[in-house]
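Chains as they are written, first to last, in full-length UniProt numbering: chain D, 1 to 536; chain L, 1 to 536.
One or more hints might be untrue.
Copies of one chain are not kept apart here, so a pair can be met inside one copy or by any two copies together.
Quick list of in silico lysine-lysine cross-link-like pairs, DSS-like style, CA-CA up to 25 Å [unchecked claim]:
1. K468 - K488
2. K475 - K488
3. K488 - K374
By construction, these hints were calculated from the structure, which means they are not laboratory data.
There are 2 protein chains.
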Amino acid sequence: MTDGSADRLDDAFHVFDTTLRDGAQREGINLTVADKLTIARHLDDFGVGFIEGGWPGANPRDTEFFARAATELDLRHAQLVAFGATRRAGGRAADDPQLAALVDSGAPVVTLVAKSHDRHVELALRTTLEENLEMVRDSVSFLRSRDRRVFVDCEHFFDGYRANREYALAVVRAAHEAGADVVVLCDTNGGMLPSGVREITADVLASTGARLGVHAQDDTGCAVANTLAAVDAGATHVQCTANGYGERVGNANLFPVVGALETKYDRRVLPAGRLPEMTRISHAIAEVVNLTPSTHQPYVGVSAFAHKAGLHASAIKVDPDLYQHIDPERVGNTMRMLVSDMAGRASIELKGRELGYDLSTDRDLAGRVVARVKERELAGYTYEAADASFELLLRDEVHGRPARFFSLESWRTISEQGPGTTAGNEATVKVWAHGERMIATGEGNGPVDALDRALRTALERIYPQLVKLELTDYKVRILEGQHGTGSKTRVLIESTDGTASWSTVGVADNVVAASWVALQDAYTYGLLRAGLQPED
Amino acid sequence: MTDGSADRLDDAFHVFDTTLRDGAQREGINLTVADKLTIARHLDDFGVGFIEGGWPGANPRDTEFFARAATELDLRHAQLVAFGATRRAGGRAADDPQLAALVDSGAPVVTLVAKSHDRHVELALRTTLEENLEMVRDSVSFLRSRDRRVFVDCEHFFDGYRANREYALAVVRAAHEAGADVVVLCDTNGGMLPSGVREITADVLASTGARLGVHAQDDTGCAVANTLAAVDAGATHVQCTANGYGERVGNANLFPVVGALETKYDRRVLPAGRLPEMTRISHAIAEVVNLTPSTHQPYVGVSAFAHKAGLHASAIKVDPDLYQHIDPERVGNTMRMLVSDMAGRASIELKGRELGYDLSTDRDLAGRVVARVKERELAGYTYEAADASFELLLRDEVHGRPARFFSLESWRTISEQGPGTTAGNEATVKVWAHGERMIATGEGNGPVDALDRALRTALERIYPQLVKLELTDYKVRILEGQHGTGSKTRVLIESTDGTASWSTVGVADNVVAASWVALQDAYTYGLLRAGLQPED
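Start from the sequences and build out the full structure, keeping to the hints where you can.
Printed below as a string of C-alpha cells:
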C-alpha cells in the first residue's frame, strides 16, 4: 500500500455509493435524516469517493438531509452528490424548479437521471426522442454553468441499447458533449449477465469516447460480476450500495465490488488503510438500517471465513492460505473453525486455540473432546451455532468435571387456557446453590419464558450478576420430523450480559426439557464470564 | 418449450445439485436422514438431472441415507450420485474400503474428488505428483469396471492452474482418459472472477478435449456469474446448491443459475413445465433446513418482483415488462405492487380455483379473503406453507361461518422433571362436541404431544375417523427474535390420514397456545376430508 497521508484519491477511479438514495428503495428500509447522516459518516470513514445523498426537492426528508449535511457532515474522503432528473419536456433548464433545487442543495456534484431507452421516452416520458436528447443537453449545460460537476445516469441503458443501439449511443453522446464528466450505464431492471455488460460497455466506449460508469441491479444474482465486467471493458466509475441494499433483489454490493478491485485487481480504489474497516462498517450500517447483517455476505459475513469440513481443517493447520481466497484480516474479518461431527481433531485444536485452550500438547484430551462432540451431535446437539455450550464442554474435559453453580431438584411448567381467557403459563423450579434449597415460581409468555423467570428469581439473591443476563433469541428445531410431536427437540438460546452475547444448546424429547438444558448452560456461561468460581 | 412427456432430459447438459453434500456444509445446517430424503424429493420434483446425496462410508448418516434412498426414493427426473475421494496414496483402488463403500451405496453415478493443485498434493495429500495422477487413473478405472458413471471434481482447480498449469491439465487428462464422463473444474476457495473462469475453462477445453463441468463457491459474490462464464466457455455440467447453501459464503445458487440458463440463454435445462415450480421449491427446501427463505433472493425471493410505488407506478400500468427483467410467472413468482392489493386478489383467485372455489364471480368475497389473509399474515401467520389452514379460511368466508366439530372449554399442560427422573408431560383438555362435555388426559413426549393425545382421547368416541389421523411433522419458528423467550411463536403441523397429508398453522405468544390453534385446524381439516359435516 502507499502513502497513508493521501486522504483523497485521485480522480482516475470513482467508488460511488448510492445507499442513501437507491439503497433506501429496499423493501423494509425507512431512513430518518439522522440515520442518513450516520450512514454518510460510515461511508466516508470507509473511504468511498462519492456519497449520493438523495433527491433534494423530491421529498422534505432529502431536502433536510442536504441542509443538515452542509453544517453537520465533515467529510474527509467523500464528496456529497445530489440526485435529480433532466428538466421537464418542453421547458427550459434554467426555469426548472427541480434543477434549481439540485443547485440549492449545495452539493458539489449532481447525478442526473436520463432516459436512454426509446420506448421509455415514448411511454413513460411521453415526449419525442429528439426532445429527450435536448433535455439531456440543456440540463447538463445548465448545471455546468452553475459550476456543478455532473454525472448522467442512463436509465435502462442496456435494454435500450438492445432495442435501439443508435438512440442509446446518442443519449451518451449528448450527455458527454454537454459536459457530463461520467456517463453511467444503468441496468435498471437488473436482467443483464456479465458477458453482455462487457460487450456493450466496450462498444459504447469505442463509439463515444465518453468516460463511463456502471450501475447494476442484482436481479440475476450477477450485480457484482456485472460491475466488474464493465470495469474490464473500461468503465472507471462504479455505483454501489452498502450490503447490496436496493429495490427488488438489490443493487451491486459495495463491499465485494471494492474487495475484488482491491484484492483481485490490485487496484487502489480506497484511501490507504481503509480496507480492513470493511467488515466493521458493513455491520455498522446494517445496525443503522435495522437489518440483521447477512451472515453469508462475501468478505464481511461472520461465516465468510468459517470452516466446517474435517477434510479441510487438517490442511488449514498446515497452511491457512490453502483454504481461503484471501487473508480475512485484509478486510477486517477473521477465520473461524466450526465444530461439528464432520470435524476431526485438527479443527477442535484450532477451535480450542481460538478459545484460549492449547489442546495440541495433549492428544488424549483432544481425542476425548472430539469423541464427546461426535456422540452429542449424534444425539442431536449442534455446536457450530452454540459456541458457549462447546466452550463449557471443552472446559469440563480440561477440568475433569462440569462447571456447576446450582443443581436441580425439580422443575414444573403449567400452561393453561381456561374458558374465556387467554393462555397463561407458570413455572416452578426447586434448585440448590451454596447448600441452600431455593423454590421460586415465575409467569411468562410460554412455558420456557416462565421457566427462565422462575430460575432467575430462585438464584438472583445468591448470584446478583444474573440481573444483567438477558435472553435475546430462542430457536426451536424438531429433529427427525417423521414422528410428529413425539420427535426430539433442539433448542438454541442466545443470551447477553450487555457486553458480549453467547449461544447455548439443549436437546431432549421435550421442548421444555431441552430448553432447561440450554438455559442451564446459558446461566453457567454467564456466571463464568462474570468471573465467579463454580461450586465443587 | 417441448414435449411434456419427456421426464428425463438428454445428456447434453447436466444440472447437478449438491445441496445434500456440499450445501450441508453451511454453518447452521444440520440435516437428518429424513430431511435429506425430503430435500431429494423436492430437487427431483424441480427436475435436476443429478442429486449428490453425500459421502457413503464417511459418516453413518450418509451411509444410512443411501440405504434408505434405495427403497424410499422414487426419482422421476434425477439420478442419485455418491461422493467420495480417489484411493489412498500407495494403495490399490480395488482394495480401498472407501471406494468399496461408494460401489456399495448402489448409486449409479459417483463423483470423485481429486487434487489438481500441486501444493495441495504435496502438503495435504503428502504424496508425489505422479502418484496423485495414478490415484486418479486407478480410482476412475476401478469404478468404471464396476459400471459406475464417474464425474471427477478437480479440487482447487483454478488456483492450481495458476500455480502449475501443466500439472492441472495433466489431472484433467488423467481423469478423462481413464473414463470419467465429466471433469469438473472447482473453485474450491471461491476467489475467482468470471473473466478468469472463462479464460481458463476455454484453455482446458481446447487443451484436453474433456467434457467439462464447473463448481463455484461464492466468496467473491460471483458464483452464479462464474458458473455462467464456464458455460460460455463450453462447460456443459453445472454443480449448484438450492438457495446457494454451502460452506463459508455458499455455493453457486441453483435457482439463478437455472433461471439464467432457461430465461436468458433460452436453453432447456429442466424437464418441460418445471421452471414455474422454482419459487415454491426454493421456499420448501428452506423450510426443511429451517432457515428463513431469503426475501431478496434473485428470481424466487418475495421481494424479487416487488415495486415500490412512485416514479415507476404509471409506467408499470402501461407495460409491466418495462420494469421487470422477466415475467415473474415464468419462475412461479409474482409481481407485488407494495401499495395495491390487486396482485393479491389475482393470486387468491387462482388459489381458490386450485381448491375448487370460483372466486372470480364474487369480487366482494375475494376481497374479504385477501383482507383476512393480509391481517393474519401481519399477525405472523403464513399460508404458503399451510394449505389446509388457508383452505379452512377460504371455506369459512364462503360459508360465512367457521367449520367446527368441537369447541374448547379449556386445556392445560404440565411438564415436570422431579429429582432423579426424566421429564414427563401431561395434558388435560375439556371440550364439547354433539352437546356433550368431554374431559381427557394424555401423556406425551413434550406438552404438545400430550395435548394431541388428550384431544384425540376426548374426541375419538364421537369421531372414530380420528384413529387414522396422525401428526407427521411439527415445526416451531420464533418470530421477531429480539425478545428472547417472550417472542411470538409460529407452529406448523403436518398431518396425514394415510392417503393425503396437509399442513396447518397457529400463531400465539406461547408455543402451546400456537400449537393448539394448529392442532384444531389439523383435526378440523381431517374430519372434513373424512366427509363429515361440521356442527352448526
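Each hint tested on the structure:
1. Taking the shortest Cα distances, K468 and K488 sit within 25 Å of each other only across copies (23 Å), while inside one copy they are farther apart (32 Å).
2. Taking the shortest Cα distances, K475 and K488 sit within 25 Å of each other both inside one copy (14 Å) and across copies (11 Å).
3. In this homomeric assembly, K488 and K374 come within 25 Å of each other (Cα to Cα) only inside a single copy, at 17 Å, whereas the closest approach across copies is 33 Å.
Hint compliance for this structure: no hint is broken.
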